[in-house]
Amino acid sequence: AQSVSQHNHHVILSEAASLELGCNYSYGGTVNLFWYVQYPGQHLQLLLKYFSGDPLVKGIKGFEAEFIKSKFSFNLRKPSVQWSDTAEYFCAVRTGAGSYQLTFGKGTKLSVIP
Amino acid sequence: EAQVTQNPRYLITVTGKKLTVTCSQNMNHEYMSWYRQDPGLGLRQIYYSMNVEVTDKGDVPEGYKVSRKEKRNFPLILESPSPNQTSLYFCASSSGALNTEAFFGQGTRLTVV
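If you're matching them up, the sequences are chains F and U in order.
Taking the working numbering as reference, the numbering of the first sequence is continuous, increasing by one, and the terminal residue is 1336.
Taking the working numbering as reference, the numbering of the second sequence is continuous, increasing by one, and the terminal residue is 573.
Be aware that a few hints might be false.
If you anchor each label on the Cβ, the simulated ranges turn out as follows [claimed, not checked]:
no.	chain 1	residue 1	chain 2	residue 2	range
1	F	Pro1262	U	Gly476	41 to 49 Å
2	F	Ile1282	U	Thr560	17 to 25 Å
3	F	Lys1283	U	Pro499	21 to 29 Å
These aren't lab readings, by the way, just hints derived from the structure by calculation.
C-beta atoms are modelled at their ideal positions from N, C-alpha and C, and glycine is treated no differently.
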């Protein structure tokens, strides 16, 4: 079964700092990759997704992610964070095998200090 | 508007009292699933359904039941809730194929005392 690892449990940044959240997955075949964001008390929102093509994917709110197949990675980046980016971020992967299950990482909590 | 609707949003219940959390989608999706979210553990899949009358266990199915009698509905049933089922629950739906995204409901916060 596939698994997803998010390297950081809690990241604290000052406003305007750059952000990179790591995500690695453990499946060697075709994958769909996603980053979701969950603001405090709210449901999951899709930030961006990768299905195929250009490995650099741009999402909403200035976020982007890069798919590096050789490293099984899909790291999330933002050049300059804002206080409103304070949230929990989840990486998820779906494979073409079996049940098309969406497997999530354990999440990274981002706190942005004004 | 495409959406996944869960009810109730908040529920406090007592140990052993059967409950059902409903989930409905209006996108004619074949694939529906339930997740529970716990601090430090992310989202873990409880059950999924690939079509009407087809359901299967996810990673943490113990203590839960589901049914899929109609395409749009996928209720989650807790026959005898216990305090370790206190969690935030999400329902999701998708077309079930690769290269599609999943749509999530607003979540149900369940507390079992």
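Structure-based check of all given hints:
1. Pro1262(F) to Gly476(U): 41 to 49 Å: Roughly 32 Å apart at Cβ, these two residues miss the hinted range, so it is violated.
2. Ile1282(F) to Thr560(U): 17 to 25 Å: The hinted range 17 to 25 Å holds for Ile1282(F) and Thr560(U), with Cβ atoms some 18 Å apart.
3. Lys1283(F) to Pro499(U): 21 to 29 Å: 24 Å, holds
Checked against the numbered hints given earlier, this structure breaks only hint 1.
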